[in-house]
Amino acid sequence: MKYYDKLIFELSRPGRTGFSLPAAEGGMPVGGKLWRGSAPELPEVSEPDVVRHYTNLSQMNFGVDTGFYPLGSCTMKYNPKLNEEIAAMPGFTGQHPLQPKESTEGSRAVFEELDKALAAITGMKRFTFRPCAGAHGELTGLMLMKEYHLGRGDLARTKVIVPDSAHGTNPASAACCGYEIVVVKSKADGLVDVEDLKPLLGPDIAGIMMTNPNTLGLFEKDIKEIAELVHGCGGLLYYDGANMNPLLGVARPGDMGFDILHLNLHKTFSTPHGGGGPGSGPVGVSERVLPYLDIPHVSGFHGNFTVMLRALAYILMLGRENIRMAGRLATLNANYVKESLKDCYRLPIPSVCKHEFVFDGLLEPNGTTTLDVAKRLLDYGFHAPTIYFPLLFHQAIMIEPTETESPETLDAFIEVMRKIAEEARTDPGLLHSAPRTAPVGRPDETRAARQPILKYEA
Amino acid sequence: MGTFCYFPHTEEDIARMLERIGVKSLDDLYSDVPADFIYKGEYDLPSAMSEQEVRDHFARLASMNRKLKVFVGQGAYDHCTPSAIPYLTSRSEFLTAYTPYQCEISQGTLRYIFEWQTMICRLTGLDCSNASMYDGPTAAAEAMRMCVACTRKRNTVLLSAGLLPHVIATVRSYAKYEGTQIIVSDDLAGGISAHASDLAGVIVPSIDRDGIIRDLEGLAEQVHAAGALLVEYCDPSALGVLKTPAEWGADIAVGDGQPLGIPLNFGGPYVGFMACRKDYMRKLPGRIVGQTEDAAGRRCFVLTLQAREQHIRREKATSNICSNQSLMALWCTIYLSLMGPEGLRRVNGLCWERSHYLHDELLKTGLFDEVHEGEFLKEFVLKPHIPAERLMHALLDAGYFAALPTAEGNVSFCVTEKHGKDEIDGLVKTVRELAR
Chain A
0 MKYYDKLIFE LSRPGRTGFS LPAAEGGMPV GGKLWRGSAP ELPEVSEPDV VRHYTNLSQM
60 NFGVDTGFYP LGSCTMKYNP KLNEEIAAMP GFTGQHPLQP KESTEGSRAV FEELDKALAA
120 ITGMKRFTFR PCAGAHGELT GLMLMKEYHL GRGDLARTKV IVPDSAHGTN PASAACCGYE
180 IVVVKSKADG LVDVEDLKPL LGPDIAGIMM TNPNTLGLFE KDIKEIAELV HGCGGLLYYD
240 GANMNPLLGV ARPGDMGFDI LHLNLHKTFS TPHGGGGPGS GPVGVSERVL PYLDIPHVSG
300 FHGNFTVMLR ALAYILMLGR ENIRMAGRLA TLNANYVKES LKDCYRLPIP SVCKHEFVFD
360 GLLEPNGTTT LDVAKRLLDY GFHAPTIYFP LLFHQAIMIE PTETESPETL DAFIEVMRKI
420 AEEARTDPGL LHSAPRTAPV GRPDETRAAR QPILKYEA
Chain B
0 MGTFCYFPHT EEDIARMLER IGVKSLDDLY SDVPADFIYK GEYDLPSAMS EQEVRDHFAR
60 LASMNRKLKV FVGQGAYDHC TPSAIPYLTS RSEFLTAYTP YQCEISQGTL RYIFEWQTMI
120 CRLTGLDCSN ASMYDGPTAA AEAMRMCVAC TRKRNTVLLS AGLLPHVIAT VRSYAKYEGT
180 QIIVSDDLAG GISAHASDLA GVIVPSIDRD GIIRDLEGLA EQVHAAGALL VEYCDPSALG
240 VLKTPAEWGA DIAVGDGQPL GIPLNFGGPY VGFMACRKDY MRKLPGRIVG QTEDAAGRRC
300 FVLTLQAREQ HIRREKATSN ICSNQSLMAL WCTIYLSLMG PEGLRRVNGL CWERSHYLHD
360 ELLKTGLFDE VHEGEFLKEF VLKPHIPAER LMHALLDAGY FAALPTAEGN VSFCVTEKHG
420 KDEIDGLVKT VRELAR
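First to last, the protein sequences are chains A and B.
At position 19 of the first sequence (counting the first as 1) the number is 18 in numbering that gives the first Met the number 0, and the numbers step up by one without a gap.
At position 177 of the second sequence (counting the first as 1) the number is 176 in numbering that gives the first Met the number 0, and the numbers step up by one without a gap.
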């Protein structure tokens, strides 16, 4: 990657244009109280300027097509190219969201097929597709939890239980939905402490948000007992689908007693992350929550439709045969990397993992930190893992290699991780000063936050 | 294995890897999952298809959709998309990248978000913008939450009845579960005085659901006198020519980026935007990109002000938002770069003259009455003499999506630069024939 320093505004020259439109005849008012005094200062650039500028920008980016992302809880799997072709079909992209039903049969069939497939894969009854992202799905799911209790006239349930290992979005989503958060602790083995959970349960509990496997990559094997306890106190079980990938083709949350679940189509179902969206976070429900499914109106129209097209294309490629291997190969890859590195990195919980696992820093850090390891990985052409999460371990390094990574890629990653462990012992400066081959070095983040510059000014 | 194109593993690979792990089979990796949870049935899914079969399947579904000439807006506008946009946004360095946490290898994403933030500030006249939201309606809902957070202890938000129905529905949903009171009214002055002591914010459209450009003179003063915040819901394309939220005295501007060349996509993905005065910068939800330097003094960009966000603050965060709608923000940023001030003016000029032409031609048919006197830019409503539903369905049969019935029994039209005079004449001719 090479450093390219321009912003589009710096290429601007008065009078230069990048559009191709007929001239307007001039009927539009040019003044008056409703109209803008002076034109907005947008760049004045030609089409070639624009194409070269954004191509140059793209070349300062790492992506799944560039290299390996061992990014925990993010499921950075390969994004099939067929999906892009289908998402761009004019028969789909030209449809207005308010068109009458009889003119949108094809698009409606896409929703129906995807709904049926996701229900089969997860064991839930039916899905809503309005949520545009995972956190948006969580929010929607919690709204449904609230509707369920309201529907029963049960107004006393004001609290939601969240494990201490949960994704940060869980407590944030519950708070946005007006819930009070109660934290349940994990045991030394990384699983939810059922004994700690029991006294928390009561008539004020709306439900529990679980990630299974959890953010340590461990299957919550007491889920059956947890489901019985939570249901027994009148609460519901919410499934955070961020970690659904290892269960893809293996097990179904609906069979475990979950009542509400969100999926991340941009994780488990191969749609591209797009540098942080658009994703899609459909929410599925069990029989008892079904009557409430369509009540929350959480986004403008029908959700991110072209993302759904991609996910359905992926599911049709997988079919009932290949889906059986998806979760299993993801789990194979994770355990392979874990077993190959545990003599260099501290593995706090040694049991078999699912799609991801967590190291607590280097065994011999020699003054280096997890951040240093992450930045040094960039020098070797890999994306960094998720770091400093989950919060249970101070030097957390969370690694998730998905099923689309080959053993050769994993071996190369393992070799580099071992080399970095060796460098930490012998030449820690290499880690402290990393990255050195990226377009820029570590930025001054304190300055960015203390004296915020959030827009370009000439 | 080795028979499915997205999975690289051969039988030998799997055997070697299992050996390193020290287990005998893939299923042994699930020994911690209670046996009754391992799904033993056959998944109720179609049998795996080849790439060509999948392509054919979707081509068949797409052909079941009617191809229509779109003359309706109501939150989704059929503007032209310059070719350079899909070409650039489909570059896999943009498309397959993650959220730019590792800033050193994400400068491409961070730079275009910084450009987006700048353009949103320049369109709205406000001081700061975030990295984008899911869509316009959710941006309005987040603005509602922000009003409550900025005014503390106040818990009522007043919505203009002129907002688009899907905006009102979304804000209402967010408010319902958080316990914020929503009042929807077209008597803003009355609403403000009736709820002044508990009023956190007022949300008004720049262009209302009937397409009328709203005169907001004096409103900001009334809202501020009540101690509340003014939020304006805008069409960013129209902001190329309309008075800015800052000029009207708004504290927050939100809206949907879709009119900036994003295809209709049956409702999504679109992208929401949000800008505010600098006083409220630290209350903004979502991602924000800031400029800084690396140790060598090179200009670079990072996600900043993260102390607001869920991964740090958990339940005390300003919002649960985690991603933005990054690729669609890139889409709009490229659009605005290509258009520039003159292109945006021309788009609006074409919308203005063509929509007024349709408006006048429809009135000439004698089949409609005028409803409003105010100025409009590209969208308008008329009162039809024939039942609204019947008109829309008859036009549908003729290949047009036009004359969408409103709650008041009027019909809504929208004309963009995509439709020339010939197409408009065709629509008017069809309307005349229907009336015979």
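Read the hints as simulated data drawn from the structure, not as lab findings.
Be careful, since some hints might not be right.
Here chain A is said to cover these stretches of chain B; the calculated rule only asks that three of the stretch's residues, wherever they fall, bring their Cβ under 8 Å from a Cβ of chain A [what the hints assert, rightly or not]:
1) 5-12
2) 111-122
3) 183-194
4) 250-256
5) 361-372
All C-beta atoms, glycine included, are put in the ideal place defined by N, C-alpha and C.
Handout entry: 8 Å C-beta criterion, at least three residues: is the segment 250-256 of chain B covered by chain A
Key = Check failed, 1 qualifying residues.
Exercise for the section: Apply the coverage criterion to the segment 361-372 of chain B and chain A: a residue qualifies when its Cβ sits closer than 8 Å to a Cβ of the chain, and three qualifying residues are needed. Expected result: violated (count 0)
Practice task
Given that the segment 183-194 of chain B was listed as covered by chain A, double-check it with a C-beta distance under 8 Å for 3 or more residues.
Solution key: violated (count 0)
Problem - Within 8 Å of chain A's CB atoms, at least three CB atoms from the segment 5-12 of chain B: coverage verdict - result: holds (count 5)
Handout entry: Annotated coverage of the segment 111-122 of chain B by chain A, confirmed only when three residues or more have a Cβ within 8 Å
Key = holds (count 9)
When the structure is compared with the earlier hints, violations turn up for hints 3, 4 and 5 and for no others.
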